[in-house]
Amino acid sequence: MVFTPTVPTDKDLHATAARRSWLRKTVDVIAYPYRASSGVARGMLVAGTVMVGFMVVLAIFAPLLAPAGFNEVETAELGAFPKHAPPSSEHWFGTNVQRFDVLSRVIWGARTELQVVLLSLSLTVVTGVLLGLVAGYVGGWLDRLLVLVMDALFAFPYLLLAIVVAFLLADKIPQGLGGGIAVAAVAITVVYIPQYFRVVRNSTISAKQATYVEAARAIGAPPFVVVMRYLFSNVIQSVPVIATLNGADAILTLAGLGFLGYGLQPTEASEWGYDLQRAVDDATAGIWWTGLFPGLAIVWLVVGLTLVGEGLNETLNPTLRVRRLIPVQLTSVGTTAQEPAVAGRSSGRGGEDA
Amino acid sequence: MIETVPYPVESAARSEPVLTVSDLRVWYGSERGAVRAVDGVSFTLRPGETLGLVGESGCGKSTLGRALLGLLPAGAACDGRVTFRGQDLLQISRSELRRLRGPALGMIFQEPLTRLNPLMRISEHFEETLRAHAPRMSRDEMRQRSIETLRKMGIPPTRYRAYPHEFSGGMRQRIMIALALVLEPALVVADEPTTALDVLVEAQIISILADLRRNFDTALLLITHNLGIVAEACDRVAVMYAGRLAEVGDAREVFSAPQHPYTRELLRSTISLRTTDLHYIPGSPPDLIDPPPGCRFHPRCPDAMVVCRDREPVEVPTAAGSRVACWLHGPADQVPDGGAEALVREEISVADEA
Amino acid sequence: MAGRSGSLREYLLVRLLLLVPNVFVLLTLVFVLLRVAPGDPISAALGGQLPASELARRRAEAGYDRPLLVQYVEYLGQVLSGDLGTTVTDSRAVTDILVVNGAATLTLTVAAVLVALLIGVPLGLLGARFRNTWLDVVIRLFGVLTYAAPVFFVGIVAIVVFTGMLGWLPASHQASPIMQYSVESRTHFFLIDALLAGNTRAFVDGLRHLVLPAMTLGLLVSGVLIRLIRVNVAQTLRDDYVEAALARGISGRRVVLSHAFRNALVPFVTVLGLQIALLLGGAILTETTFSWPGLGQQLVQYINARDYIAVQGIMTIFALVVAVMSLLIDVVNALIDPRVRY
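Chains as they are written, first to last, in this note's numbering: chain A, 1 to 354; chain B, 1 to 354; chain C, 1 to 342.
Honestly, the hints are just simulated from the structure, not real lab data. All C-beta atoms, glycine included, are put in the ideal place defined by N, C-alpha and C. Please note that a few of the clues may not be correct.
Estimated spans, in silico, between C-beta atoms of each pair [stated by the list, open to error]: (1) A:G53 with C:L335: 23 to 31 angstroms; (2) A:L142 with C:R208: 51 to 59 angstroms; (3) C:T95 with A:L118: 53 to 61 angstroms; (4) A:G179 with C:G77: 38 to 46 angstroms; (5) A:G53 with C:L80: 52 to 60 angstroms; (6) C:R339 with A:L65: 53 to 61 angstroms.
Here are the simulated SDA-like cross-link-like pairs (lysine to any residue), alpha carbons at most 25 angstroms apart as the crow flies [to be verified]: (7) A:K83 with C:F162; (8) A:K172 with C:R201; (9) A:K208 with A:L114; (10) A:K172 with C:F162; (11) A:K172 with C:L34; (12) A:K172 with C:G102.
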């Protein structure tokens, strides 16, 4: 008696889109979750996109938007900055203990966070997918070893892991290869590899076992190609969700690293977590602006990414989707469907009880 | 077997109906429009009487059963009257209805495997139920009563404190029945209670249900698609098609002399020992969102007349005391001129076969 | 009955045996992580402070000139015998760190979990019961916010408000220095020591110091609880036995509490096991924010001092905690769910 609404699956979408241009297809794929979602999920998706979009704009146009550089203590217009100045028309967010303009630090910080997160996510996806493929495809002792290591990594407190890696790598990556940004990115990468590894490994194994792989082998298609195809049609759907949610988490890990003083060097870039560390001592003295704004920036970006991830998850993952309640009106007795509907009494007891 | 069953006319004379359903309609909302799962159904049920509700799957049987207990999903709309001991169940409040469920109205579900909470002992299920309706009953009394009911269903007292997963499917269904009967409700709805069970177990359950009226004087609405069960365990039978009742009457009468073409076709399509070739009703049950006009069975009916396409049939009493909704049985004065001619409809059968 | 508890015992035994490879892998991970980096612990910590000959002597003394494999086997042997090494920088036994600072971390985490339960369980249940209503949306937003706000940020805001502006609560350490000295350290749990000494003022002082860190860390964990409970209870509310219970006239509230909540505990406890990492990670940051003398704060200090042995020892402690917690989670699950035991 349950009538499931017929929502087009990804397959339908790709089939109809195949005829259109490549650009149109990309736009369609990106727009799909926004179109297919509804209610709370759509609200989350749109709000999250707007929030993240705002930060992306800040990051890209930081040199134009920020009143000062991230480590400047004076500018031509404003002269030398005071220390611990409260928010004013000159320094909207005030200045901190190092005389830096907090607003500028926040804006430049958006650039740092997004750089690190993008770099670490790409590293994670590439490494995780590769390791997962190898483990799942080769199997045997290599698989068992990798699973063991990944499980251990997964169980370990992730911040601890990131701290240790950042500590071990500190000053080991030259500036030309990204310096502190690369250190932070690698430290975060280690934390998230196991998740991708798991998903890809399990899918690879089921792909290997799937009968049509056998069939493809029989007609001479290289099995690896078949496995790759299978993977890309199956795993690729869950990557946007995992990646967005991991992105949110990575921001927090990066801020945590910065707060503890690992990863980025303070001279290299502006980092919100580091600014918060400097703000702890201010807090006891009641100086609120040095901590509040970088903290809010973190919350803003993480909330944005989480909303996008959750919204995607609820839209793309059918098991989570709640069937939408469609109000029904009973037509008056004796009429047929073609005649105008007359309001009937609606009762929803069973559902409300639950 | 059949000889021991009290003749329905006698029982009708003996007692007032415990349940009177008139013009009940239950509609669901869906993206394509209203789903008319139950669309104008009327029948009565007397104490100790078993009414079999039969029909193809998806004809609204389960919805009808749930509507009686107010267990419809949220968003369903219903109207009509469901009079139980003088109270209209569709009008009373949620908490009044909740108080009736258990001591007055019971329900037995199709899947015994998932209907017991896997984390709760059988004893806890019983105590919870008894406590909800008889708060002053002592623990010992609850135990006595539960074990007694279980014993009637063939579950030994030693298993009282066992967990659901320690029982077989058939035993679990007997426990479910005991749970529904422990408060001795006046009306029990059994929704395909044996569909998930094997044939031997099915026979046990059916004989338990057939014993119900002797032990408890319970009125039973037995929903099933198995006509053999109806013949064995029911006093009366209601044949449902596309949200409506095609025919209601004494079980022996209906089976020996079906009045409605649908009942006849349904009986012919049942496999019995005498079956030499398989009979089936061409086409599939109609779409409950956009049902055919007139008689809903007319596109599949071998005896369809012109009037069947144009007008909804009227329920008429038959000589044997049944009611049937079919133009073959009149009323003749409502059939327009030329309405009794056979309906020509190649295009429908072609469309249906495709 | 006897048969059932017998199989429970069997399950627990198997699970206990599984602890061995678990611990082994985690210890190996710790060792590899800390030793793949070039250089040895002695020169890392003391390089530049001592002449090269002295460094070499100490290195040989501590056995760091031997092959890594030998050191690895020795490390495992030490951990087995309950010796976690001695710090290079201040010659402190790591087991001493465990006892003294571990007590502080345990105090903080237990208090935080209590706070998280008090906030998370009711809100999660409400969210599941009133799914997709405005109340649910508000609760979910609260959950997202507690997750999105880094603990140290929440900590700083709490310090600004309750210490900087209102001056109600202290913002650092387990107790005021005077109280710290007035209470004799017996169990290393300051609150328990204060009680043992009958020092009510010290006890109240300790509690006041605990409030902000515990609330901060508890808020972080409560977000996870809300999310887990809401999803799992909402899922079990759709299970068949829930409808069956409703059909027997059990009230909606009772169904949520005794069926949905209890059954949701099974996946909840499992996932909660994975959140130990969150709790410990959060504890490191909270301890640093509030100068709480716990394991995390010690770890950060030893990392800054480049004391590999101390870091390795504290990491080992964390690894053991993770392994034991996951064992406990499985045991609890077996106690809740009779099906696990089979």
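- prompt: Which numbered hints turn out to be false for this structure?
  reply: 1, 3, 8, 9, 10 and 12
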